[in-house]
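With the hints as constraints, model all of the structure from the sequences given.
If you read the protein sequences in the order shown, they are chains A and B.
Position one of the first sequence corresponds to residue 1 (this note's numbering), numbered consecutively onward.
Position one of the second sequence corresponds to residue 1 (this note's numbering), numbered consecutively onward.
There's no promise every hint is true.
Stated by the list, open to error - Partner residues aside, some chain B positions facing chain A, computed with beta carbon under 10 Å:
| no. | residue |
| --- | --- |
| 1 | Gly34 |
| 2 | Ala36 |
| 3 | Met38 |
| 4 | Gln39 |
| 5 | Arg41 |
| 6 | Leu42 |
| 7 | Gly43 |
| 8 | Met47 |
| 9 | Leu212 |
| 10 | Leu327 |
These are calculated hints, taken from the structure and not from any lab test.
From the three backbone atoms N, C-alpha and C, an ideal C-beta is built for every residue, glycine too.
In case you want the letters, here they are:
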Amino acid sequence: MLAIRKPGFLNRLYLIEIIRGLWITMKNFLFHKKVTLQFPEQRRDYSNRYRGQHYIKAVNGVENCTACMLCPTVCPAECIHIVAGEREDKEKYPVKFEIDSLRCCFCGMCEEACPKDAIKLSNIYEMSQQTRTVYEKDFLLEQRGNK
Amino acid sequence: MSSLEPMMMFIKIGIVLAGLLATVPIMLFVERRGSALMQNRLGPNRMGPFGLFQAACDVIKFIFKEDRAPGHVNKFYYTIAPWVAVIPAFMTFAVIPFAGSLTLDGTTTHFQIANLDVGVLYCFSIASLGVYGIIMAGWASNNHYSLLGSLRSSAQMISYELTLGLSLVGLMMVFQSVKLGDIVFEQGETLFTLGAIAVPKWGIFIQPVGFLLFLVSVFAETNRLPFDLPEGESELIAGYHLEYGSMRFALFMMAEFINMAVASALITTLFFGGWQLLPFFSVLVSHVQSLGLIPDPNLVEVIFQGLSFIIKVAFWMWFFVWVRWTLPRFRFDQLMNLGWKVLFPVGLLNVLVTGFLIYKGVL
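Structure below.
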């Protein structure tokens with residue numbers, strides 16, 4: 001049975017309850033641990049699986065990418081543009097490798113599709129820009145992750 | 001009339017104006033930092049030590065922002081509304097005594113800009129003018145939310161002004177005066193002594209119910225939480241100042257903070273002995289007087305009286321912020337119920353009981 005409890009007279013006066021509430025506020029003000037993270041100095045730890053800014057893995061200064069076009073094919077946002085070329089040793093390589101950072105949805109499908117372990121998503125999450133930015137190959141070749 | 005008198009007048013006006021203007025940035029800082037700490041955040045702490053210069057930054061931002069009015073407003077009323085809100089807020093402070101009296105070269109100065117015969121009634125009449133600014137702002141903004149906000153504000157102000165006045169009737173009956181100077185002076189007397197502790201004749205000890213009524217209705221008068229329905233952001237976005245920006249909005253904010261300062265000063269003056277020294281201060285005064293750094297012992301007393309007044313007012317200003325982050329906002333019908341069905345009858349009863357007690361000679 002649903003019991004309807006009517007608050008007593010003292011409770012309905014609210015005065016005691018308000019004073020108790022004020023004390024709770026004061027306790028939070030004085031003693032409680034503050035949850036603010038002082039951002040540029042303190043940083044939150046993200047998982048290693050976090051999908052942030054892209055980079056192309058390079059070994060001995062040569063990119064792993066062979067311009068197989070799997071990543072632009074799989075990319076749902078169609079943000080990867082590759083122009084393939086040939087090196088002197090007859091090896092295929094990307095002459096141009098561009099990622100439109102505004103179109104990218106950071107799904108990580110390119111990373112999954114890559115057979116050469118070349119394209120990677122790093123842990124970097126500070127990517128705000130003031131203009132439309134296309135990541136060029138030189139920029140992507142900076143090794144900014146350890147995956 | 002000696003030559004000292006007009007000079008002292010200017011000094012008094014200067015102190016009050018500077019003090020009131022200084023409260024605005026201080027309260028900006030206290031409200032932002034205080035509310036943050038109460039919500040377990042840190043708040044703005046980058047500018048200067050403890051973020052103290054944040055208020056200055058806010059002010060500079062307000063000044064340099066573009067001052068533009070939307071096309072659909074009534075230009076005339078839109079422009080004057082913030083001023084109509086802010087000027088009465090400043091005017092109210094004129095009758096509040098902020099220190100005792102000082103005698104220099106035979107001229108006695110009472111530290112109160114004007115000791116009007118109507119005293120506290122002047123405060124109420126001027127304070128109720130402030131609502132015109134809010135109504136004008138809401139009407140001129142040509143916006144449903146703003147209009148609703150100002151409608152609520154006017155209904156709330158009228159309902160609570162009744163209780164506000166009524167809660168002080170008992171106090172006026174006891175002190176036989178509406179002059180704030182007299183009320184403060186009489187509060188210096190001792191009500192009764194408990195062993196070594198002398199309980200002063202402060203308004204709160206004579207009229208505890210009146211104090212509670214006054215406190216609640218003053219919150220409604222200043223549009224502060226839990227009665228900030230005119231600007232309830234969850235239902236009215238920002239209420240009456242929705243269409244305002246830059247310095248015009250800042251003026252509304254200034255009016256709110258100065259209203260808070262005046263309300264705190266009134267609470268202090270009427271119920272907490274005004275400039276009467278805080279309990280432990282009388283020892284300090286005699287100590288400083290014996291040191292002889294300041295030649296005039298009267299001046300020392302006045303300085304400490306002013307300091308006591310400031311401390312008391314500061315506590316009540318802090319109380320406004322404190323309550324803001326404790327109580328949720330009332331619903332409009334709850335607000336009206338509380339005003340008309342609870343506070344108003346209790347106020348009448350308080351007057352009746354006080355009259356009876358005075359008749360019996362208890363008070």
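**Request:** List in ascending order the numbers of the hints, as given earlier, that are violated by the structure.
**Result:** Result: hint 8 breaks, nothing else.
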